[in-house]
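> Sequences listed follow chains A and B, in order.
To convert, note that position 71 of the first sequence is 71 in UniProt numbering; the numbers rise steadily by one, no gaps.
To convert, note that position 110 of the second sequence is 110 in UniProt numbering; the numbers rise steadily by one, no gaps.
Hint data in this document are derived by calculation from the structure and do not stem from the laboratory.
It should be emphasised that the depicted structure is a prediction, and the values quoted were computed from it without experimental measurement.
Cβ coordinates follow ideal geometry from the N, Cα and C atoms, glycine included.
Heads up, some of the hints might be wrong.
Over the 10 Å line for every Cβ pair with chain A, so calculated as not near, a few chain B residues [claimed, not checked]:
hint, residue
1, Asp35
2, Lys36
3, Glu62
4, Gly74
5, Leu80
6, Leu90
7, Glu117
8, Leu133
Below, simulated SDA-like cross-link-like pairs (lysine to any residue); rule was C-alpha separation at most 20 Å, straight line [to be verified]:
hint, chain 1, residue 1, chain 2, residue 2
9, B, Lys103, A, Leu54
10, B, Lys134, A, Leu54
11, A, Lys112, B, Lys127
12, A, Lys119, B, Arg7
13, A, Lys112, B, Arg7
14, A, Lys103, B, Asp89
15, A, Lys103, B, Lys103
16, B, Lys127, A, Ser130
17, A, Lys103, B, Gly9
18, B, Lys22, A, Leu54
Protein chains: 2
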Amino acid sequence: MKNKVNRSGCPISSMLDIFGDKWSLLIIRDMVFSDKNTYGDFLKSDEKIATNILAARLLTLEESGVIQKLEHPGSKAKVLYMLTEKGIDLLPVLLEIQFWADKHLTVLPEIKVFLKEAKKDREKFIKTLSRQLKGRLSSTGNGK
Amino acid sequence: MKNKVNRSGCPISSMLDIFGDKWSLLIIRDMVFSDKNTYGDFLKSDEKIATNILAARLLTLEESGVIQKLEHPGSKAKVLYMLTEKGIDLLPVLLEIQFWADKHLTVLPEIKVFLKEAKKDREKFIKTLSRQLKGRLSSTGNGK
DNA sequence: AAATTTGCTTGCGAATTGCAAGTGCAAATG
DNA sequence: CATTTGCACTTGCAATTCGCAAGCAAATTT
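Can you make the complete structure from the sequences, with help from the hints?
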C-alpha cells in the first residue's frame, strides 16, 4: 500500500493521484459491477485497454491498496484480483458518476433502467452491494 | 458543447472521456468550493497546473459544456469562467470522492471538519450549495 | 508431446505533458 | 501620454506516457 506522489493535501487531488487517468476507474467498475477478476477479464472489456497499460494500472492500484492479488482457486495459471475494502468503498463515487452521466450524457437505455433502480433507494443499493462485495472479501481470509 | 471521443456506451467511461486526467476535476473543484473564476485564479492553486495545460483543459471543459466563458464584469482584460448546470451537477461526485478520501487517505484536519459537516446532512448540503451556484448562473442571463 | 491459455514484458513510434519563454491587449502608474 | 504591469493565453521543446504489436515463460488443455 504505497504512497507515491501527493500533489497537495486536497482529498480530490489525492484521489486523482491514484485515479486520474482514463483506465483505473474502469478496472474498478469491472470488478464492482461485472464480477471481473482476472487479467484476461479486464482485457476483454469494451474500451479495449492495452495489455501493458493494464499491467501498469493493476500494479498501481495494488500499491494504492484498492485491489489485491490472490491465488486463483480454479487454476495456478490465473491470478485472482479482488477489491479491498478501500476499493469497495468507491461504489458511491461510481454511482454518482453514473447518475451524473445519466442526466448529462448519452447513456444506453438498459443502463438507464439499472440506474433508475439504483437511484430509487440509493442507500439500500449501496449497502446491499457493498455487503455482497465485502462478503467475498472475508471468505479469502483477508476480510477485516 | 462538442462530443469528441466515446470509447463505449458506459457512463463511467464517457465521464472519464471528459474528466479522465489529473487536472480537469481540480478546475471544477476550484469553481465549486473556492469561488475561483479566472485563468489566474486557477493558475494559483496548490497543485501548480502548467499554463498550457490549463488553457487546453478550459477549452475541453467548455466544449464539453461543463463550464462557459463570459465577459468579466470588472475588467475587459479578464475572462469569467462559470460552471454550467452540467458542471454544478458534479457536486455529488466531488463530495463522494472527498468522503472516500476522508476515510481512506490522508486528509487535512480542517477539511475533515468540513466533510463531517457536509456528511451530516448530505442532501441538504448539496441542495443548498447547488442552489447557490445555480443562482449565480441565472444572474448572467444564461440560467435556464 | 504439441498446441493453447494466461499473465505478463519489451520495443518503439506517436501523442501528451510540463517547463520556460514569449505575445498581444487592457489597465494601472508615473 | 508614455511606460510598466497584469492578464490570458501561445509557442518551442525536452521528457514522460500511451498504445499497438510482438514476444515469452509457466500452466493447462488436447
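> For every hint, state whether the structure bears it out.
How the hints compare with the structure:
Here B:Asp35 stays apart from chain A, with its beta-carbon at least about 15 Å from theirs, past the 10 Å limit. Distance to chain A confirms B:Lys36 as a non-interface residue, since its nearest Cβ pair spans about 13 Å, more than 10 Å. Every C-beta of chain A lies more than 10 Å from that of B:Glu62, the closest at about 15 Å, which supports listing it as non-interface. Interface exclusion of B:Gly74 from chain A stands, the closest Cβ pair being 27 Å apart, more than 10 Å.
No Cβ of chain A approaches the Cβ of B:Leu80 within 10 Å, the least distance being about 22 Å, so the stated non-interface status holds. Its closest Cβ contact with chain A, about 6 Å, brings B:Leu90 to no more than 10 Å, contrary to its assignment away from the interface. Consistency note on B:Glu117: stated as away from chain A, and its beta-carbon is indeed over 10 Å from all of that chain's, at 14 Å minimum. Distance check on B:Leu133: its Cβ is at least 15 Å (rounded) from any Cβ of chain A, clearing the 10 Å threshold; non-interface status holds.
Restraint check for B:Lys103 and A:Leu54: the C-alpha separation of about 26 Å exceeds 20 Å, so the hint is violated. For the proposed pair B:Lys134 and A:Leu54, the alpha carbon gap of about 40 Å is over 20 Å, so the pair is violated. Distance restraint check for A:Lys112 and B:Lys127: the Cα-Cα separation of roughly 23 Å exceeds the 20 Å cut-off, and the hinted pair is therefore not satisfied. Only pairs whose Cα atoms come within 20 Å are accepted, and A:Lys119 paired with B:Arg7 is rejected, the gap being roughly 25 Å.
Under the criterion of a C-alpha separation no larger than 20 Å, the hint pairing A:Lys112 with B:Arg7 is consistent with the structure, at around 18 Å. Taking the CA atoms of A:Lys103 and B:Asp89, the gap is near 9 Å; set against the 20 Å cutoff, the hint holds. Among the hinted pairs, A:Lys103 with B:Lys103 is inconsistent with the structure: their alpha-carbon atoms are about 28 Å apart, more than 20 Å. Between B:Lys127 and A:Ser130 the CA atoms are separated by roughly 26 Å; this puts the pair beyond 20 Å, and the hint is violated.
A C-alpha spacing of about 14 Å is found between A:Lys103 and B:Gly9, which places the hinted pair at or below 20 Å, so the restraint holds. Restraint check: the Cα-Cα separation between B:Lys22 and A:Leu54 comes to about 18 Å, which is no more than 20 Å; the hinted pair holds.
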